[in-house]
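Trainee: Each chain, letter by letter, is given below.
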Amino acid sequence: SAVISQKPSRDICQRGTSLTIQCQVDSQVTMMFWYRQQPGQSLTLIATANQGSEATYESGFVIDKFPISRPNLTFSTLTVSNMSPEDSSIYLCSVGRNTEAFFGQGTRLTVV
Amino acid sequence: AQSVAQPEDQVKVAEGNPLTVKCTYSVSGNPYLFWYVQYPNRGLQFLLKYITGDNLVKGSYGFEAEFNKSQTSFHLKKPSALVSDSALYFCAVRDQEKGSYIPTFGRGTSLIVHP
Chain A
1238 SAVISQKPSR DICQRGTSLT IQCQVDSQVT MMFWYRQQPG QSLTLIATAN
1288 QGSEATYESG FVIDKFPISR PNLTFSTLTV SNMSPEDSSI YLCSVGRNTE
1338 AFFGQGTRLT VV
Chain B
29 AQSVAQPEDQ VKVAEGNPLT VKCTYSVSGN PYLFWYVQYP NRGLQFLLKY
79 ITGDNLVKGS YGFEAEFNKS QTSFHLKKPS ALVSDSALYF CAVRDQEKGS
129 YIPTFGRGTS LIVHP
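Which chain is which? The protein sequence lines are A and B, in order. When we follow this note's numbering, the leftmost residue of the first sequence carries the number 1238, and every step to the right adds one. When we follow this note's numbering, the leftmost residue of the second sequence carries the number 29, and every step to the right adds one.
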């Protein structure tokens, strides 16, 4: 299994500001994933964070809005930039191991 | 492409009764299938998975799921529901041949177990 610590667990932010979410894994992993879960909806993959290279973004997500860092094999950050109320969601960090996906507890973001 | 359908937004059962949460999938190759549970204000927790072998898979908290290749289904079941089982349940699929860790999730089914 994998133990993933994600913080903050929740935040309320003013529109126009940015929030950086941190994800720490208990062991080294090649790829880390960032998901968004909008209210009442399923998980949508934002990007794959690779160590030593640029993140790979899914359709509809761009680096300027969701910059990602991956400084080493156990840590990644996702920044939600220039926030608007539409960014209010749960953001989840995930890693894959032995065919399974493991998730952090999520960051519940509310933009006011 | 891979996809998952959870046809029910919500399932309600009485405590002690059996429960079923439905899931059907579509992949071009052979599937890896998963069930996750999300409790309020929590991340996703892994319940069980089907990789190969026995079609009946047993997982955490007394849950099980049956892989049915002909019906492309992977319904989640529990013989006797508990109020504490009330949560959001997600089915997910991954194509075995793709070699990627990225599953596709269904939209989720809210399970409500009432006393």
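The reader is advised that the hints may include incorrect statements.
[Stated by the list, open to error] From the structure, some residues in chain B lie toward chain A, with a derived Cβ separation under 10 angstroms:
1. 34
2. 46
3. 50
4. 60
5. 62
6. 91
7. 120
Bear in mind the hints are in silico, worked out from the structure with no lab data behind them. Don't be surprised by glycine CBs; every beta carbon is placed ideally from N, CA and C.
Trainee: Decide, hint by hint, whether the structure agrees.
Mentor: Here is how each hint holds up against the structure:
Annotation: interface hint on residue 34 of chain B holds; nearest CB of chain A at approximately 9 angstroms, less than 10 angstroms. Contact between residue 46 of chain B and chain A, as hinted, is not supported at the beta carbon level, the nearest pair being about 25 angstroms apart and thus beyond 10 angstroms. Annotation: interface hint on residue 50 of chain B violated; nearest CB of chain A at approximately 15 angstroms, more than 10 angstroms. Against a cut-off of 10 angstroms between C-beta atoms, the interface hint on residue 60 of chain B holds, since the closest Cβ of chain A lies about 6 angstroms away.
Nearest Cβ of chain A to the Cβ of residue 62 of chain B: about 7 angstroms, under the 10 angstroms cut. The hint holds. Among the interface hints, the one on residue 91 of chain B is violated; its C-beta lies about 16 angstroms from the nearest C-beta in chain A, farther than the 10 angstroms criterion. Against a cut-off of 10 angstroms between C-beta atoms, the interface hint on residue 120 of chain B holds, since the closest Cβ of chain A lies about 7 angstroms away.
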